[in-house]
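Engineer: Sequence:
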Amino acid sequence: VGCVVRVHRSAVHAAGRTLGLVVRIEDTAGAQRSGDRDRLRKEESERAQAREAVSIFMGGVGNQLRNGLQIITGHAEMIADGVASEKARRLSAAAIRRQSQRVFALITRMIDFAQARDAQPVQLDLADAVIEASPALRAGLPEALHLVTSLNVASCPVVIDPRGVETVLRVLVDNARDAMPKGGTITVSVDEGRAAGELTLRVTDTGSGIAPDVLPRLFEPFFTTRKNDGAAGLGLSQALDVIKAAGGRIE
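The opening position of the sequence shown corresponds to residue 853 in the numbering used here, with each subsequent residue numbered one higher.
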């Protein structure tokens, strides 16, 4: 068994003469072992938290996929039986289309989640990223909704994963869209931040806003207020992860 010691020496003086030395020996191995144990406990705790997060994620994803596929299968069997009326078959076909779109959206969220763990941040211009993403964002909106961009900073350099910017914009615009079923305006703006060197990416809409009781849970994985339409509840938590990974904050 090894032993690590630290030796302290100090001279003893009296009447101008050196009478001797006092030697104090300190065993530092114990402190080192204690520090190693603390580090190992912390690492194991972090691994346990990661395993729990993945377990929660997979469980939530599995439930969402199973529910969506069960609905698709049920309606497909109804059509295949050939006994339903023409109107019923059309309704079943529409239900299959809706559920397929929701399953597709969920798989997209899963891909975003996986890619976020392999983020490759680069320096890019945030305003340029908004301009490039705008056509795809507009394509996902119904005619009653309008997307407006407001870029109020000449130079917007940030270090972030480009796929992450797309994820954040899509999530925030999709949430704004769902909050305005009768139509309205969504504004994506880039402005100077509150502190020097900061930039603010803001997505606002003309909807009714967020209920106060929902705000504390807004970024929880799988939390959603739209349970009846198959929403996965993953979007805002992923947006938060992207922003935090880039050293920012989301409000």
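If you are wondering where the hints come from, they were derived from the structure by calculation, not from laboratory data. Hints are supplied without guarantee of correctness; some may be wrong.
[Said to hold, decoys possible] Each computed EDC-like pair below joins lysine to aspartate or glutamate, with the alpha-carbon atoms no more than 20 Å apart:
| hint | residue 1 | residue 2 |
| --- | --- | --- |
| 1 | K1096 | E1018 |
| 2 | K1034 | D1057 |
| 3 | K1096 | D1057 |
[Unchecked claim] Across the chosen pairs, the derived CB separations fall in these ranges:
| hint | residue 1 | residue 2 | range |
| --- | --- | --- | --- |
| 4 | G934 | G1036 | 42 to 52 Å |
| 5 | G1045 | L892 | 46 to 56 Å |
| 6 | R1054 | A947 | 49 to 59 Å |
| 7 | L1070 | I931 | 31 to 41 Å |
| 8 | Q972 | S937 | 52 to 62 Å |
| 9 | G1049 | E929 | 44 to 54 Å |
| 10 | G1045 | L1070 | 51 to 61 Å |
| 11 | R889 | G926 | 40 to 50 Å |
| 12 | L892 | A1063 | 14 to 24 Å |
| 13 | D888 | G1045 | 12 to 22 Å |
| 14 | A928 | A1048 | 55 to 65 Å |
C-beta: ideal position from N, C-alpha, C; glycine also.
Engineer: Determine for every hint whether it applies to the structure shown.
Structural biologist: Results of checking the hints against the structure:
no., hint, result
1, K1096 x E1018, "holds (15 Å)"
2, K1034 x D1057, "holds (12 Å)"
3, K1096 x D1057, "violated (23 Å)"
4, G934 x G1036: 42 to 52 Å, "holds (43 Å)"
5, G1045 x L892: 46 to 56 Å, "violated (40 Å)"
6, R1054 x A947: 49 to 59 Å, "violated (36 Å)"
7, L1070 x I931: 31 to 41 Å, "holds (39 Å)"
8, Q972 x S937: 52 to 62 Å, "holds (53 Å)"
9, G1049 x E929: 44 to 54 Å, "violated (59 Å)"
10, G1045 x L1070: 51 to 61 Å, "violated (21 Å)"
11, R889 x G926: 40 to 50 Å, "violated (55 Å)"
12, L892 x A1063: 14 to 24 Å, "violated (44 Å)"
13, D888 x G1045: 12 to 22 Å, "violated (41 Å)"
14, A928 x A1048: 55 to 65 Å, "holds (58 Å)"
Checked against the numbered hints given earlier, this structure breaks hints 3, 5, 6, 9, 10, 11, 12 and 13; the rest are met.
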